[in-house]
Amino acid sequence: MTRAVAALLRKDLQLELRTRESVPAMVLFSVSTFVLFRFALDRERLEGDLAAGVLWVTLLFASVLGINRLFVTEREQGGFDAFLLAPVDRTAMFVAKALLLFGFLSAVELVAVSVYSVLLLGPSPFQAFPGLPLVLALANAGVAVVGTLVGALAVQTRARDLIVPLLALPLLLPIVIAGAEATAPLLAEGGAEALPGRWLAILGLYDVVFGLIAYAVFDFLLED
Amino acid sequence: MTRRYGERLALDGVTLSLPAGSTLAVLGANGAGKTTLLRILATLLRPHAGAARVLGAALPEEGWRVRGRIGLLAHDPLLYSELSARENLRFHARLHGVAAARIEALLEEVGLGARGDEPVRTLSRGLTQRVAICRAVLHAPEVLLLDEPYANLDPAAVAAVAPLIGRASGATRVVISHDVEGGLAEADLVLGLRGGRAEVLAPPASADLSGLYR
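Those protein sequences? They're chains A and B, same order as listed.
Numbering follows this note's numbering, in which position 53 of the first sequence is assigned residue number 72; successive positions increment by one, without gaps.
Numbering follows this note's numbering, in which position 78 of the second sequence is assigned residue number 80; successive positions increment by one, without gaps.
None of these hints come from the bench; they were simulated from the model.
Everything numeric in this text was worked out from a predicted model, so none of it was measured.
We put the beta carbon where it would ideally sit given N, CA and C, even for glycine.
Take these hints with a grain of salt, some might be off.
[Claimed, not checked] Computed beta-carbon distance windows for the label pairs:
#, chain 1, residue 1, chain 2, residue 2, range
1, B, Pro-165, A, Pro-106, 18 to 26 Å
2, A, Leu-185, B, Glu-183, 47 to 55 Å
3, B, Asp-78, A, Leu-181, 46 to 54 Å
4, B, Ala-170, A, Ser-51, 57 to 65 Å
5, A, Val-54, B, Glu-63, 51 to 59 Å
6, B, Ala-107, A, Pro-144, 50 to 58 Å
7, B, Glu-183, A, Arg-94, 35 to 43 Å
For reference, chain A alone in the conformation it holds in the complex (with noise of 0.2 Å):
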């Protein structure tokens, strides 16, 4: 399967080096947002809560873009055929495109909480190292595992764009509450308190039993 799942990988970081239709799209939403919630709450800092909150809805959205265009390659252009000619493990697609969301939520979020960080956030960003990354880690796999799973759903209908906000926010909300909660300590006003155990063990929670559904399910999401 590490063959199939390379391959794939390769041929979808190829694709967007030439089209540049996720990444930059999802950066550009988020510090769209940024700027919107500037001028929406009339605020030149935030801390806390309110910035953990602002952080994560922006985050949450962005990944809309990046699920919507997950499988769109493969669906107009004959991917699925093709690779289900193949002989490899059907799941192979679904490792190799979550890893895929995965890096492109990473990326995105190194650009975007850097401009975060800039336009909006009180706290220097630094204050929360390193356990913003660790957080950021556990909700992109949650957030890939999932987009994975709705983004294969959604390309086989005709109403793509709304299926996958409609499915994958009510799915993600637990990863906004626990990211959040998990952000705010890190974002406090005077210095970083502590990391919540307890919320990276619900995100980390989430992402092995959601993890286990897209194992058990992703197949007959392929089939006719």
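Given the structure of chain A, go ahead and fit chain B onto it with the hints provided.
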């Protein structure tokens, strides 16, 4: 085999057997069920009733046994338009565990050695079809499922790809064609479909195709 799309019967109780190494020409008007038949044999569609066996494997349950032994040249080229011919073929070679040297040999054979690094979207339909043929035969399949294989090809290109997808390939072939004369010339057996039903199933010499396109 029977296959429905909603209420419509796309394939209605078609029964046939094709010996290894021989060629079946599938003829019929648009919407007759030709592509549906091809997709079932390629393990991409499930028959809703009946059964199919390809290379001894019952489909779809044992589809995993024959994937990698089937080459499909579909109506769509199944190529990523932003990638070059070479990149597309490398991707498929990795999935099928085929050596890179095979890619170069195929590109040279179909006359695309010099243009193999151009994105597929910049190639003409004929050149794209040549790349699609390379993709379909990359893993030297024992069964070739070909939907209009010579579409958009000039005579020189037809001659170039003939050793890959023609009788000389040695594969068992199912060939959809709208070129009745060309289809009959290549076939050992002719299947004429009309409204999803097998109206004709006979050797070319005795096949009566008069009612097929009415």
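The hints, checked one at a time:
For the pair Pro-165 (chain B) and Pro-106 (chain A), the beta carbons lie near 24 Å from each other, so the given range of 18 to 26 Å is met. Look at Leu-185 (chain A) against Glu-183 (chain B): about 53 Å separates their beta carbons, and that is inside 47 to 55 Å. Our hint of 46 to 54 Å for Asp-78 (chain B) and Leu-181 (chain A) is violated, since their Cβ atoms are close to 26 Å apart. Judged by the Cβ atoms, the range 57 to 65 Å given for Ala-170 (chain B) and Ser-51 (chain A) holds: they are separated by roughly 59 Å.
About 55 Å separates the C-beta atoms of Val-54 (chain A) and Glu-63 (chain B), a value consistent with the hinted range of 51 to 59 Å. Separation of Ala-107 (chain B) from Pro-144 (chain A) is about 54 Å and conforms to the stated range, judged on CB atoms against 50 to 58 Å. Distance hint check: the CB atoms of Glu-183 (chain B) and Arg-94 (chain A) are about 36 Å apart, consistent with the given range 35 to 43 Å.
The structure shown violates just one earlier hint, number 3.
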